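**Q** With the hints in hand, could you dock these two chains into one complex?
Residue strings, one per chain:
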Amino acid sequence: MAVQTATTTQRPKEVHGMNDRVRRLREESLNTQPRIYMERAVLETEAYEKYEGTVSVPELRALTLLHYFSHKTISISRGELIVGEKGDGPQSSPTFPELCCHTLEDMHVMNDRELINFTVTQEDLKIQEEKIIPFWEKRSIRRRILDNMSDEWKTAYECGIFTEFMEQRGPGHTVGSEKIYLKGFREYQQDIHKAMEALDVLHDPNALRRREQLKAMDTACEAVIVLGQRYAALAREMAETETDPQWKADLLKIAENCDVVPAHKPQTFHQALQMYWFVHLAVTSELNPWDSYSPGRLDQHVYPFYRRDTEAGILTREGALELLECLWVKFNNQPAPPKVGITLKESGTYTDFANINTGGIAPDGTNGVNEVSYLILDCMDDMKLLQPSSNVQISRKTPQKFLLRACEISRKGWGQPAFYNTEAIVQELLAAGKTLEDARRGGTSGCVETGAFGNEAYILTGYFNLPKILELTLYNGYDHVAHKQLGLQLGNAEDFHSYEELLEAFHKQIDYFLDIKVKGSNIIEKIYAEYMPVPFLSVITNDCISKGMDYNAGGARYNTSYIQGVGIGTVTDCLSAIKYQVFDQKHFTLPELTDAMLHDFEGQPRMLKLVQEHSPKYGNDDDYADDIMKSVFTYYQKAVTGRPNMRGGMYRVNMLPTTCHVYFGEVMLASANGRRAHKPVSEGISPEKGADTNGPTAVVKSCAKMDHLQTGGTLLNQKFTPSVVAGEQGLQQMANLIRAYFAMDGHHIQFNVIDRQTLLDAQAHPEEYKDLIVRVAGYSDHFRNLSRALQDEIIARTEQSFS
Amino acid sequence: MPSVIDIQKYSIHDGDGIRTSIFFKGCPLRCAWCHNPESQQKKPELLWNREKCTGCGWCAEICPQKTIIMEHGVPLLDRERCTGCGNCVIECLESARSLSGEYKTVRQLLEAGEKDQIFYEESGGGVTLSGGEVMAIQPFEEIVELCRGFFEKGISVFIDTSGFAPWERFDSILPYVTAFLYDIKAMDPETHKKWVGVDNKLILDNLRKLSAAGGDIRLRLPLISGINDSREQIEAVLKLLQGGIHVRKIHLLPYHDIGKNKYARLGREYNEAALAPPTPEHLEELAEILRQTGVPVVMGG
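For the record, the sequence lines run as chains A and B. Numbering of the first sequence is given in the working numbering, commencing with residue 20 and proceeding in unit increments. Numbering of the second sequence is given in the working numbering, commencing with residue 623 and proceeding in unit increments.
Don't read these hints as lab results, they were simulated from the structure. None of the hints are false.
Cβ-to-Cβ under 10 Å is the rule here; a few derived chain B residues that face chain A:
| no. | residue |
| --- | --- |
| 1 | 630 |
| 2 | 642 |
| 3 | 746 |
These figures come from a predicted structure and were not determined experimentally. Ideal placement from N, C-alpha and C gives every residue a C-beta, glycine not left out.
So that you can see chain B by itself, here it is in the shape it has in the complex (with noise of 0.2 Å):
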């Protein structure tokens, strides 16, 4: 069964008209500036808000697994051991917990799905599926069913995705999809590795595939400073582009910060000196270069 971490209705940033995005858990990438960390681990995971947490202890004592310890008034947890129960979720007097992921049945999200079909055949919106990574959940069989099944409902899909898993996996439901919002993260393999944690070979392949199929392509380019953002990777992305590849958009996503704090909430570290925008001018120079492919180039969504 698939873990979702949310459900979000009146998304009208990603893909086409008033769509419901459903965000998948469980990511094979590790993006440095990834800013849904809660979306990398498949399995549900609590999250602590300390600017909520008064430190009064009722978690520790309530836990069934007894994970929680309270250590100089701040809840310690034990990963490894919770089971994500949510116990401490509905008895947290400060709501200061809360969990993110939960299980669902491929008919539990056809269901959620459907009911806003009204707002998508008046907006020409759908549904979208992203993540986390919605090509690398498993059993992708229960993907394919959902694809199918919306496709059967007559509900536009979107897939937002890195690209990143097999090309079998993106041949078997295109006929029920009607675009990809698809991400080059970087162009230059040592970089994407370095950044990512991956190879980028396999995404660059799928993508041409994808293309070479007639896939409905929106490309997507997080831009970082300094990492992923000079003129010579932009110049590469071109270069691939007017290599036979067809995408119908191209959307700059320029880094922000905004999922900062939800490291702390996961009781993780942030690298967050490394990263920073490009500054408008530079965007402008990059846009500048993507538009000599003919395809509309957009800041954003």
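Just chain A, with the same shape it has in the complex (with noise of 0.2 Å):
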């Protein structure tokens, strides 16, 4: 047998690993299956009936928290050091029948679906059906969408054009800044008292409504000290009777520090990861914001404080690892609420995205990584869970140790952390007009979408099918699977004479379809700032105080709604395809083509092989192809970026899929590039499945030259092998195509290390994997080349790659 590699160096592992008590919790939250909580459209419907028509909205929002903190189900987990839940305990899910009010037959789709399913009790059934439906069916905002939305607007969202994230949950997509952890509660409300009794009544025609909003924000920190109160007494009540000395010392610590946290500022690193978990439950409980909430530079933040309480001597490393361990399961603990119809396409997980971003840069430009910083890639080495999804941003300043340790991490194959890249982020926060010291505070959030932290409320309103739009432009508009006519009647396959006539009519289609999704998210903001403010949410993000005006309204200093382009692989295949086989090499005619896609190319083996494989694609570093991707990605950027929306920011684009790029395949016929029909579309900005074939560098250089700074985050996925990315070699030369990739602007990059099922499907499809690389022995080669007695040997070995 063959020796793999040239190690000639072993780097001393770290030493850490889970304790008892971190081991049991996590086990506990892997193990409980998500179930649905009803308490909280329960006490919600009691709120709206006590207080709706007596107060504002915004001030019936706040109440409605206020009651709910005040009268929910509060638990302790034993062994726990970071109390609170959303629901009454792990993997509960409180539902928001204001935003979504469930039919039964949804609630029974969500119990019977094989995945992403939430258990639902017939006692749940029957509340749903006595209480919350006669209460919500004809006021929940999915309705008022609904009804406002226009016929074009309605065919297309259902013909799979374009989703809306609105639909089933609140804007959100927001991460906090290190404000919580200097300031507590009262002193926010003490902010707002001024800020009350500044406004300006005697001319500004919005004081009343300012004031409101402001005693809305006012009594929604009155709702999370509550809720403070509650566990400060909970624990002590717990201790009372507990008769283990540690758990009982615990909960006497939980309690004291929930003396303190979040009415007042955090004393101590455990007290600050406490602070950022209560607001965290409250953002998140007020309304259902997509991607939950983040704590963002989390390590930046909590460091004074594990810097002061080392120095003291009241915190070892351990024990705040322990800590980040125990906070760590809090995330995992929630599952995103459950999503139903198209909504649960998009975004097919129960993953709810908050994200934290280690490293990366202080607001004074200097280096960002810190101890705390090597704690938290421990932790996520340790915890292996997919929530929080846990990042690094890499600078130009980021030690090599750090990137080498989040590489080694990374190439175990779980897909976590993925790698940000600062100097970028930076930079497409200033071209959308942050201040530096803001753009330096910033991150990505979400999936990889930028924002200015705590300062921004930068809203996804929907992903857009970019190939479909293409496919509609090949058929005069018309759609041959959902047999509509959608699109503007430009002419059909024969009306096309060259590959710029084709162009064109898609540009026109691109405005067609984006004067409709937008003309419907400006109407979707207007309802969400009537009729769904959060109070709570305003108040930690900044200037909503001193604005007096709503997150979902327009208070935060920057407010930016983006639109996230899917399918640029595909699409850019397509085009390339089209021009080199039938206008270049003129191998067949569009028509013909057109006329083989409608048949999925059934009995077109020759003309599926020209496409597939005989034709220039993106993802090689090759120029034809790569030249027709930036011009369809400048074409969309161009054409949503600068649009106004109805807070006062403008519309950007992002280029992410979540899930979504499996559900707009599934609407699609076959495509150009000899994708099948109801295949799934290109992930991200990555090349179409199987489309490169020249390895990662090739793969990185073809991204690059799309402008990721004119974007709000691109999302980039690397396969390789665990053998290419095994031993010291392939650890720095992970690290070092890293470093190239955002040297050259790349956004983000993340790493799917192959596992062995993975190779077994690749055999057994080897056309779905023309791009898989695989470590042979001393070289590298493409799977599908391999003979099958080689391809069984690396399979069997593949396991055994990482120590």
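**A** Here it is as structure tokens:
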């Protein structure tokens, strides 16, 4: 057997690992079946019955949160050091009937579906039927949105041209700043009172609205303070009867912490983490915002506490790690509230995308990596939890050791951490009009979305199906899947006599559907501004208090709306195949091609092979295809960027799919690049599956030809087999690949280190894995090109590639 | 114009950093254990993958030279007359055909190597010229031009060679080359002749001269059990090195059989039975001998 790698040195392994407490909590989090928690809906209905009509809408929302936090069931799990659950325990998810009032059928589907299911009991169904549906059915935001959308919008939405984020969940993608570590909610209330006193009722026609909003913010602060007090009381009560001295002491410590936070600013590292967690609970209980809420630059925010406590001798490195791990469990305990319909298709996951950015730079521009940054890496490595999404920001100033440690975790193949480019993020934010300091405090949340943490409401409005729009362009705007006329009638395949004519029609269709999408989003923004304010989130987002304006109405310092382009790889390869095969090589005509696409290339193996294997493809550092990618991207980006939104900001693009590329593929015919009917389109800015055949440097070079700095984030998924990144060489070069991509302004890269199962699948379906490179013995090769016996051998050794 | 089998990017085990390896086609040696048999002939060669072929006969029908005939559902190729036009590669619906080797101009190779410069600079990498045997490419002036071209762009060049070429060629590229990955396949001349096909005198002479000229040498020893892995052979390497040859690193490359199905695709026989890697214990023993040089000894790469 050949020796695999030239490993000359072995780096010493860091000593860490979960202790028993954390292991138990982690097990509990992983082994608990997600379930529906009806208490929130019930208490919310009570609050509405009590207050609706007697107070303003913002006050009603704040009183609802106060009522909920005053009466909801609270509990403390044995052993936990950070307390608070959204529901009544791990994996229990409240519902939000004010946004989306589930039908009984929805509830059955949630319970019965094979993936992303939630247990729904008979009792839950009874409550839903008797109390929730009668009250909320006609009041939900979802209903209000659908009532206000045009027919064009509804048809395009139903046919998968775009999705709508706000249809079941509220605006969000929001990330906290360091303020909550410097200020308790009693102090926030003082700020609010001052802002109320400063209102200019003599001149300001909006003074009353501002006062209502500020009163609501004041009540929202009270709500989270009440929750803290209740946890302090519960911990004390439990401690009284507790006989285990360790747990008793822990409970008293919890009580002590909850006496301080969230009412007052945290005094210790432990309290700082607990403060964050109360804020997280309040934001995600107040409403169901997309991508929950994120601590953002956690390492920088809590480092001062870590330093103070360790210097004072009241905290050890191990103790700090244990607390971080307890916080990690808390994130993992909260599944994203149940989604249905298209929303589930575009985001089919329990993950709620709380995203932690570690590393990067400090607000003064210096290296931001500190001791807590390394602790967070250890924590990720120990916990291997899908939530929170744990990521690193890499800047030119980031120490190589930090990058290598992050690579070491990433190459274990479970997808975290992903890598973000600090310099790109800062420039993206500057290009969008942020100040330099706000830009440096920023980062990415959700998947890859750029934002000015603590200062910005950057709201994702929905995915936009670029390959489907090209498909419609080829058939005179007619959708042969839904059998409906969706787009403009600009001609059929035989009417396009040049590539340029086709491209021009494609551009017109993009504009047409963007207009429909943006009109819808503008109305939806207004609906949220008027009917679904979020006073708590407004308290902690900078400038909402001083402006007396809600987060959902444009109160934040910056207000961006993103439209996420999907399928750039697929659409590029389609245009490339058309340009090359039809107009350059004249191997067949455009009508012949569109006819073959209608029949999923049945009976056209030669044509299929020509478009699949002998046309230039994006992802190979080939300018023929990459120039097409640039032209499509630039058109889309310019068509979106600068359109005004309804909150005083503007629309911008980002390029990511979550799971929407699967759904967007489902609604499509076969496409011109040989992608078969109803198969997924490409994800993020990654090349189409199987299209990149020249290795990772070619992929990242192709991707870097897109102007990332004009976006609010792009997503690149790079696949590797474990052996390519194994050993010291593999690790070093993985780090160098990241540095080079970031030097070219790439926004984000994540590594998918291929496991055995994938290799087995690749063996069964080689056509889908043409890009899969495996390390063989002293060299690398494409997996599909290896003999069956050698493939077997590689599969057999894959799982041993990491010691 | 040189014929190239493959340009492999993100090559991280052939020299320092992230490299692009250019594999030239054509080799004067015939090592029995060669795992790249398609690199031996200079002209482009057609490969045929038995596992993918359905025996449909389409390739025979569309071949412009009519060099393929079907026999019992198997396409037989007249390799003498095949021009390597590649028509059947595009037409074969099962992708059972591929072409090994494509003529490239120096300019094309420079442009290909230049594409990943940003990665070389980030990682301390560059271009590796490999093969086949890059030092046997004719006219060799093109290789000199290529090396100088990379050098002038600030791109490091590694040469992966068996050493079997006139010394003047080494001398002519020395100013532009960062390092040589240099093979010794056997110390004993008879063994060398029997298993490699040529005498090793030229190879060893060139090694001495290269060392004397200050070349950065990474020595590579392919090891095949019972053929060139005896203690005596390796002690002879030690003695050679101790006699004043300076190398930066010694790589031990134990035999592997991953090239064996390529022989079938070329329609050639492979003497599998005679070939096996040394045992791990024996490898360690050999490594121990070579460590007496004081030079790092590494497995693989």
